[in-house]
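Number of protein chains: 2
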Amino acid sequence: MTKREYIIRQIAKTNKKNYENYVVTRIYHRLNRNDVKFMTQQFVNRPEGHALTDMYFPQLKLHIEIDEPFHKKQEKLDIDRETDIIQATNHEVYRIAIAEELEQINRQVEKLVTQIIKKIDVKEKSEKWEPWDLEKEFNPNYYRTKGYLDVNENPAFRRIVDACNCLGQNYKSVQQAWFKSKVYPNHNLWFPKFYENAEWDNRISSDGKVITEKCKNPEKYDNWFNDVTSNLVKRITFPRSIDNLGFRLYKFAGIFETDLEDSSFENGVIHRLTQTRIEIEKAS
Amino acid sequence: MTKREYIIRQIAKTNKKNYENYVVTRIYHRLNRNDVKFMTQQFVNRPEGHALTDMYFPQLKLHIEIDEPFHKKQEKLDIDRETDIIQATNHEVYRIAIAEELEQINRQVEKLVTQIIKKIDVKEKSEKWEPWDLEKEFNPNYYRTKGYLDVNENPAFRRIVDACNCLGQNYKSVQQAWFKSKVYPNHNLWFPKFYENAEWDNRISSDGKVITEKCKNPEKYDNWFNDVTSNLVKRITFPRSIDNLGFRLYKFAGIFETDLEDSSFENGVIHRLTQTRIEIEKAS
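If you read the protein sequences in the order shown, they are chains C and F.
Reading the first sequence from the start, the letters are residues 1 to 284 in UniProt numbering.
Reading the second sequence from the start, the letters are residues 1 to 284 in UniProt numbering.
Simulated from the structure, these hints should not be mistaken for laboratory data.
From a predicted model like this one, the values you see are computed outputs, not experimental measurements.
Careful: at least some of the hints might be erroneous.
Same chains, same label: a pair holds when it works inside one copy or across any pair of copies.
Stated by the list, open to error - Straight-line alpha carbon distances no greater than 30 angstroms define the calculated BS3-like cross-link-like pairs of lysine-lysine that follow:
#1 Lys-123 / Lys-136
#2 Lys-111 / Lys-146
#3 Lys-146 / Lys-136
#4 Lys-146 / Lys-17
#5 Lys-146 / Lys-209
#6 Lys-61 / Lys-172
#7 Lys-209 / Lys-136
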């Protein structure tokens, strides 16, 4: 996907939402920078619960909410278990009110755009600004050079093989979702599906900290439960999800460890988040 | 309707047409002037026939066509006989190509915006710039002050009574579509429907120059035909139409005179455009 297609698709998500379309395009066109990435209608997890953010600038951890006085937002969010949800704790939220006069709306956007430019400036000066680069995104080598994956930066890959190779597995292609790490002793790489399927009913809590794993196949259940609770490994976890444009995503969710005490034969196995960051060994 | 609603509705017409939405919003937001009016997806009549213009600036008689290489425009136009069609002879057409790179599209828009600003500048300097003013539009007093109606400027009214009063009839309300002028000797004001209805089947040619009038009621046909072909009057004509946002419009189409030679009992009465401009007598 090119930047052109990406931007067009993000804006297209505001189809039929006329005021959102107006404000989102105005912010984008007035900002007028091709090194700034944004998403529209992105699901986020905030301390107060799940929400849909109108416009999100991941490089700035900045969310724009467009407040329409005459049109109360739909309360019920249509979140599928496969939906990609961004952890937005400590992110900033900026509100644009749909005022009576277009000029009032435009003034708010101008103010916001000035603030965005300032934020980028500050980041540039402290060498913390990373221009939006499509080649880098989802690219294992980019993260290898960076030296770590951190849940707070929402790192993600398009393919299981990319996540594996980012962490030193050195595969050509893969067919599975569970790998013994070649680099991290007693760690496995795990690519669970958090939506029900024929074999599994795995779930993750909305804060991303607790995974419940359950095999659905009664013939395999005994072996699986015994195996998983006796051979304890740390799980470098990349849940499979669908991003806000409908593309497959394996986003780093952190390292999980099995909680034997809370696990049971009836309710399944519990894994708890113990690390939100993993260092990547530089290629030697 | 406020300017806010007007702009939002015009942009909303590009819903689902993602590249059009991108270019139209970019032109609008980069131009960033609230005294410039535009329409999207406006039907126009050009020398080569009817067309749908992507973005039209009436104050500048400037049309923007957005060329998508990968998506050939639908050939067949869905023009209703009630559709408002703008006479666009001698108007300028500017093309924006949807290039591979977003930057290439943006550069074209920047160039166009610079040209638009120059055009406005030139008009301002020669005192020919009329800022977009919602209060003036469709307002009989505005045209009375201006002193004329000219087909080339597409003057229009929302109500029959407004057109009547613009031309000195001085009515409070009206219920008909045919009035003897109090100001212009041997002229009538006419508000025909150019779509078939119970009583009439009237048509206007696509170049706006020939009207064919036909009564559909067989019991009234004789009287009507004799009357209309013996009491010849000049017709100051305001066809009833629907504008590009779905609102009722009576747009000045010029003064028509009956062509007795081409009229016949079988085919109806022919009226031909003889003047595209009418002077308005200033209120004394």
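So, going through the hints one by one against the coordinates:
no.: 1; hint: Lys-123 / Lys-136; result: within (19 angstroms within a copy, 49 angstroms between copies)
no.: 2; hint: Lys-111 / Lys-146; result: neither (33 angstroms within a copy, 39 angstroms between copies)
no.: 3; hint: Lys-146 / Lys-136; result: within (11 angstroms within a copy, 61 angstroms between copies)
no.: 4; hint: Lys-146 / Lys-17; result: neither (38 angstroms within a copy, 39 angstroms between copies)
no.: 5; hint: Lys-146 / Lys-209; result: within (25 angstroms within a copy, 71 angstroms between copies)
no.: 6; hint: Lys-61 / Lys-172; result: neither (34 angstroms within a copy, 60 angstroms between copies)
no.: 7; hint: Lys-209 / Lys-136; result: within (28 angstroms within a copy, 61 angstroms between copies)
In this structure, the hints that do not hold are numbers 2, 4, 6, in rising order.
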